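Student: Sequence:
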Amino acid sequence: RKMADDEELKELEKLYEDFPVKVCKEEGKGRFLVAKRKIKQGETVMVAHPYSWSLLADQKPLNCRFCMGSFSALSRKRTLLLQIENENKREEREKKRKEKEKRVKNADDEEDLVENEDLEDDGDLDEEEEEIIEEVQVPCPKCKDAVYCSKKCLNADSTVHNLGGECKILSSWDTHAFHPELVAEMELALRALSRRTVELLFQEKKKKGEKVEEEEHLGWDK
1 RKMADDEELK ELEKLYEDFP VKVCKEEGKG RFLVAKRKIK QGETVMVAHP YSWSLLADQK
61 PLNCRFCMGS FSALSRKRTL LLQIENENKR EEREKKRKEK EKRVKNADDE EDLVENEDLE
121 DDGDLDEEEE EIIEEVQVPC PKCKDAVYCS KKCLNADSTV HNLGGECKIL SSWDTHAFHP
181 ELVAEMELAL RALSRRTVEL LFQEKKKKGE KVEEEEHLGW DK
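Numbering (the working numbering), first residue to last: 1 to 222.
Keep in mind that the hints were calculated from the coordinates and are not lab data. If you're wondering where the values come from, they're calculated on a predicted model, not measured in any experiment. Wrong hints could be hidden among the right ones.
[To be verified] Distance windows between CB atoms, simulated:
hint : residue 1 : residue 2 : range
1    : F178      : V34       : 40 to 50 Å
2    : R90       : K38       : 44 to 54 Å
3    : Y16       : S52       : 41 to 51 Å
4    : H49       : M186      : 14 to 24 Å
5    : K144      : H49       : 24 to 34 Å
[Claimed, not checked] Only pairs whose alpha carbons sit at most 30 Å apart, straight line, appear in this in silico DSS-like list of lysine-lysine:
hint : residue 1 : residue 2
6    : K206      : K10
7    : K10       : K29
8    : K14       : K207
9    : K38       : K10
10   : K89       : K38
11   : K22       : K10
12   : K151      : K22
13   : K152      : K89
14   : K152      : K60
A virtual CB, placed ideally from N, CA and C, is assigned to each residue, including glycine.
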């Protein structure tokens, strides 16, 4: 038991290594935090991530299942980012156009003129632009109950949602007979059980010496 407690304490210490506090444990007091140095006013002392979370029924069409971000707010943010990106593109194209005019003016023959044609912008979106205008609402392709604000959040939630069994249960779960708040509590419990299922699966893999790459997608604290 002591060995297990020591291992758990080491894991907790890793969580706080970037914060101005450390985790300690004493007989009769249990676990507690101690300042490693003088803490400034307004400084973040710790960040506690949820082990499980769920959305109320009326919030599902409005918020991302993973990060809880508002779809409308994210849409406005991405539109603004796209506008900024387009303005930067226009400035870059104008700069290239002036450089081209200068080169063409100084060109000695038509061959030099042809070589400068590759400075024209093809009008295609680059990867960064495509990411900015990516569809704000990205549903799970299987259960359709889980909707995310981006492919990044969908992928981040994939381990618990898919491997943990949450997706399969939600696909066949008829919740219409229950009160919306009760459904949210049921989904909260389901997510906790799904995450615990994945954790136990990973523990078994580690005991066998197998590599666990999906562990980074267990939740916010990963």
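Student: For every hint, state whether the structure bears it out.
Tutor: Going through the hints against the structure:
1. F178 / V34: 40 to 50 Å: Given range 40 to 50 Å: holds, Cβ gap about 45 Å.
2. R90 / K38: 44 to 54 Å: holds, 49 Å
3. Y16 / S52: 41 to 51 Å: Hint violated: Cβ distance 21 Å, outside 41 to 51 Å.
4. H49 / M186: 14 to 24 Å: holds, 22 Å
5. K144 / H49: 24 to 34 Å: holds, 27 Å
6. K206 / K10: holds, 18 Å
7. K10 / K29: This hinted pair holds, its Cα atoms lying about 18 Å apart.
8. K14 / K207: Holds. K14 to K207 sits at ~21 Å (cutoff 30 Å).
9. K38 / K10: Holds - the C-alpha atoms of K10 and K38 are around 23 Å apart, at most 30 Å.
10. K89 / K38: violated, 46 Å
11. K22 / K10: The given pair, whose Cα atoms are some 11 Å apart, holds under the 30 Å limit.
12. K151 / K22: violated, 35 Å
13. K152 / K89: Holds, at about 25 Å.
14. K152 / K60: holds, 18 Å
The structure fails hints 3, 10 and 12 (numbered hints given earlier, in ascending order).
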